[in-house]
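Participant: Please work from the sequences and hints to get the whole structure.
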Amino acid sequence: LAKTTQPISMDSYEGQEVNITCSHNNIATNDYITWYQQFPSQGPRFIIQGYKTKVTNEVASLFIPADRKSSTLSLPRVSLSDTAVYYCLVGAIGGFKTIFGAGTRLFVKA
Amino acid sequence: KAGVTQTPRYLIKTRGQQVTLSCSPISGHRSVSWYQQTPGQGLQFLFEYFSETQRNKGNFPGRFSGRQFSNSRSEMNVSTLELGDSALYLCASRPDTGTSVDEQYFGPGTRLTVT
Chain A
302 LAKTTQPISM DSYEGQEVNI TCSHNNIATN DYITWYQQFP SQGPRFIIQG YKTKVTNEVA
362 SLFIPADRKS STLSLPRVSL SDTAVYYCLV GAIGGFKTIF GAGTRLFVKA
Chain B
2 KAGVTQTPRY LIKTRGQQVT LSCSPISGHR SVSWYQQTPG QGLQFLFEYF SETQRNKGNF
62 PGRFSGRQFS NSRSEMNVST LELGDSALYL CASRPDTGTS VDEQYFGPGT RLTVT
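Protein sequence lines correspond, in order, to chains A and B.
With our numbering applied, the first sequence covers 302 to 411.
With our numbering applied, the second sequence covers 2 to 116.
Take every hint as true, because none was put in to throw you off.
Computed Cβ-Cβ distance ranges for the label pairs, DEER-style: (1) I309/A <-> N57/B: 26 to 32 Å; (2) T373/A <-> P9/B: 36 to 42 Å; (3) T306/A <-> G59/B: 17 to 23 Å; (4) T6/B <-> I309/A: 28 to 34 Å; (5) L12/B <-> T384/A: 25 to 31 Å.
Think of the hints as simulated: they come from the structure by calculation, not from any bench.
The structure displayed is predicted, hence computed values, not measured ones.
Every residue, glycine too, gets a C-beta built ideally from N, C-alpha and C.
Facilitator: Below you can see the structure in the form of C-alpha cells.
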C-alpha cells in the first residue's frame, strides 16, 4: 500500500473553502484515493473517492493531478460541524486499505 | 438499511481478563474488518474477515483474535488484557469486492477500558 503524508492540523473559519492535500508518491496504477472524515468517539465516514482528474459530490471535491502523486480534498464553505479529522487512503478497488495514517485535524472557528 | 452495529458500546475490564466484542455488518456485506484506535497510535488495522475466513491481518499479537459467522456477524476477542489495550475498537463492513466505489462503513465503536 502506498504511504500517504498529510498536514497534521489545519485551522479555518466558517464560510471559507478548505483544501487538504495528501501526498502519495508511490501510488500504483490500480490504486484509488479515498478520503474519510472522523468525529470524536465515532467511526470514520466515507467522503469521496477518485482515480484521476476531478470528482465532486454533495459534500466535497477531490482534485487529482495527472501524475497522481498527490490529491487535494476541497471542502466548500466549511461550518463548525466540519471540525474533524480527515484521512487520506490509497489502495486498489477490491483490495484492502489498511493504513489510515495520522490524518489531518481540521478546526473550524466561528 | 440499518448501519453497522457494535455491542457493547462501553466496557470496563480488569488486567488479565479476556473480552469479546461483537459486530453486525450492514445487511449484504460480507467483509468485516476490525480496527483499534488510541490517541497515541491512531487507527490501526487488526484483521479482516470475508465469508468466514480471515483474509487480512495487521501487526497485533496473538492475544487478539476474531471470527466471522455464516450470517457475516463478527466477533473479536482479546485475551489476557493489558492496560495498553484500552482503546476504541471499530468495526467496518463493506460490500463485496468489484464495486466501483470501495468504501467502508464503520460502526460507532466499543470503548474498552482496562484497569
